[in-house]
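> For reference, the chains in residue letters:
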Amino acid sequence: MGGWAIAVHGGAGVDPNLPEERQERAKQLLTRCLDIGISALRASSPAIDVVELVVRELESDPLFNSGHGSALTENGTVEMEASIMDGFGRRCGAVSGITTVKNPISLARLVMDKSPHSYLAFSGAEEFARKQEVELVDNDYFITEDNVGTLKLAKESSKILFEYRVPTVALIDSCTSQAETPPLTMNGLPISVYAPETVGCVAVDSQGQCAAATSTGGLMNKMVGRIGDSPIIGAGTYACDVCGVSCTGEGEAIIRGTLARDVAALMEYKGLSLQESVDYVIKNRLDQGKAGMIAVSSNGEVACGFNTVGMFRGFAAENGSMEVGIWE
Amino acid sequence: MGWAIALHGGAGDIPRAMPPERLKPREAALHHCLQIGVDALKAGRPPLDVVELVVRELENNPHFNAGKGSVLTSNGTVEMEACIMDGNTKRCGAVSGLTTVKNAISLARLVMEKTPHIYLAFDGAEAFAREQGVENTDTSHFITPENIERLKQAKAANRVQIDFTQSTPKAGEKASVTALDSQDGTVGCVAVDGNGNLAAATSTGGLVNKMVGRIGDTPMIGAGTYANCYCAVSATGKGESIIRATVARDVAALMEYKGLSLNEAAAYVIEECAPKHTAGLIAVSAKGEVTMPFNTVGMFRACATEDGHSEVKIWPDEQLG
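Here the protein sequences line up with chains E and P, keeping their order.
So in this note's numbering, spot 155 of the first sequence is number 155, and the numbers just go up one at a time.
So in this note's numbering, spot 115 of the second sequence is number 115, and the numbers just go up one at a time.
Possibly wrong hints are sitting among the right ones.
To be verified - Think about it this way: if two alpha-carbon atoms lie no more than 25 Å apart in a straight line, the pair counts; the simulated SDA-like pairs of lysine to any residue are:
hint: 1; chain 1: P; residue 1: K287; chain 2: P; residue 2: G259
hint: 2; chain 1: E; residue 1: K114; chain 2: P; residue 2: A157
hint: 3; chain 1: P; residue 1: K258; chain 2: E; residue 2: K114
hint: 4; chain 1: P; residue 1: K102; chain 2: P; residue 2: P20
hint: 5; chain 1: E; residue 1: K114; chain 2: P; residue 2: S310
hint: 6; chain 1: P; residue 1: K258; chain 2: E; residue 2: D113
hint: 7; chain 1: P; residue 1: K152; chain 2: P; residue 2: D138
hint: 8; chain 1: P; residue 1: K24; chain 2: P; residue 2: S310
hint: 9; chain 1: E; residue 1: K114; chain 2: P; residue 2: A156
hint: 10; chain 1: E; residue 1: K131; chain 2: E; residue 2: K155
hint: 11; chain 1: P; residue 1: K152; chain 2: E; residue 2: G3
hint: 12; chain 1: P; residue 1: K114; chain 2: E; residue 2: D35
hint: 13; chain 1: P; residue 1: K155; chain 2: E; residue 2: N299
hint: 14; chain 1: P; residue 1: K102; chain 2: P; residue 2: E135
hint: 15; chain 1: E; residue 1: K270; chain 2: P; residue 2: Y268
hint: 16; chain 1: P; residue 1: K258; chain 2: E; residue 2: K155
hint: 17; chain 1: P; residue 1: K276; chain 2: E; residue 2: E74
hint: 18; chain 1: E; residue 1: K155; chain 2: P; residue 2: D123
These are computed hints drawn from the structure, not numbers from a lab.
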């Protein structure tokens with residue numbers, strides 16, 4: 001048994017021109033969240049409680065794209081989604097289309113613990129939230145001034161968004177006639193407009209049990225009703241007896257690549273180590289998509305991988321190591 | 001090598017005492033849908049079109065739990081979901097929470113082809129359907145008298161479902177429709193052509209007496225539906241178990257990462273990964289192999305391959321006429 005370990009992320013695909021001040025705030029938030037997680041792990045909280053606690057904190061802070069500060073739909077509304085999975089027994093809960101629940105991750109946990117189902121969405125999920133008496137807020141609570149402005153910019157460049165992004169064949173390669181380097185984009189949006197900052201946490205406790213949690217407002221300017229990878233077990237989130245994984249980035253590419261499950265599948269079926277599996281998945285399972293992930297193994301290892309420009313992330317382990325970073 | 005096709009109409013506790021008037025129309029539907037798929041493959045239609053065509057036909061048949069014949073939510077409404085995936089490109093589309101779209105699978109295909117997203121649900125999916133001009137119908141079209149009865153019985157036997165107690169009706173409490181019938185699971189189709197192009201499609205009304213807003217395994221890529229360049233898989237059974245075991249993706253992952261054959265991979269997932277009495281799947285490989293394992297009492301299923309093999313079955317052994 002390798003002791004406890006924890007990793008957090010605040011999204012992959014960072015604007016290289018992100019103001020210094022915002023970078024600092026991101027690092028401070030990641031550090032604060034790690035500290036919360038570390039204290040809980042030291043106090044012998046089970047991994048599943050730790051990941052929920054940390055993601056609640058990330059949701060409540062407006063900096064990243066989840067809970068307060070979520071990206072907006074094409075209609076200017078917020079539709080949040082989240083999922084959580086306990087490696088022990090592979091129990092899981094997920095929610096989509098959340099409009100008034102302050103902490104979607106905790107509603108996902110309640111779906112897992114208090115419903116016969118794994119996944120509730122839209123009005124049914126909201127109804128369940130009211131029955132469970134979770135904290136509700138007005139939809140306006142989630143909408144920040146920053147995001148209203150960003151939606152406007154996204155709409156101005158939305159022509160690109162609605163040209164379907166061909167997943168495998170060489171969309172970019174076939175356009176080699178264009179000499180200038182293409183602008184940095186994610187999900188068809190210029191990087192400055194893209195709001196990738198899905199949040200997630202993975203942890204392994206001192207009992208060697210893994211858990212994963214992911215929460216997001218989704219893609220800026222998304223169609224109403226769009227579901228991304230975050231609530232999909234095996235895509236954005238996965239945990240089992242060997243590891244816990246949380247992904248972030250271009251949701252559609254993550255879904256197609258079943259990224260989170262594949263990290264575990266490579267460990268189980270191919271005998272790779274945690275970091276080897278993460279590297280393999282980022283290299284081979286994304287086609288041309290862009291994404292990143294954090295992962296922990298039941299042995300207390302922690303790993304991270306991304307093919308984007310930067311990923312907001314932090315790690316800590318029982319042996320005293322701790323790291324917070326954005327760039328490569 | 002050669003084309004192959006398999007389809008299912010759900011796995012579950014299909015009672016062997018099912019009366020002929022309930023059995024016969026389902027058998028006939030399996031034969032009919034298989035024939036449609038075989039004809040389409042013989043005519044050189046791409047597998048993606050074939051699986052959509054066959055699932056549309058299964059959706060239109062009131063004897064299976066998808067489209068017309070979908071089971072009801074705890075509110076007595078219908079909320080359908082579906083998913084389609086193309087193996088070579090791994091492009092995919094999914095929908096949930098549909099109430100008026102006649103063929104959910106075709107809307108999933110439109111999500112794949114006409115939006116930048118993979119998955120649309122509830123009001124947003126319905127709005128997209130109207131925008132695309134797909135065939136809409138009053139939600140009452142989907143509701144059959146049998147499913148109204150099923151819901152009534154489910155509520156009587158299982159009124160504590162919300163309290164997370166599993167449905168364990170006491171002896172004798174299970175009444176006529178559920179005892180002599182089955183509307184478990186979903187419908188699905190997988191196909192491969194002679195060039196190894198693969199596709200999978202799955203469609204469902206979900207679970208009887210499900211909570212409003214419940215999403216099952218069917219629309220989830222990797223759980224109920226998956227296709228890549230190795231194989232195409234459609235799963236059916238208890239959604240929550242299939243989600244946890246990422247059933248469809250794991251069949252492909254075992255082939256890719258462990259070098260198992262299609263048969264071995266599918267058998268491993270059904271025997272080792274999915275809990276007993278919860279799941280069944282159909283799968284075809286790029287080489288034209290077919291497999292249809294399940295760990296439930298039965299699974300409505302049919303398959304055919306280019307070399308002339310064809311079968312329509314419900315329980316583990318016997319061949320239907």
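> Checked against the structure, which of the hints given earlier come out wrong?
3, 4, 5, 6, 10, 11, 12, 13, 16 and 17
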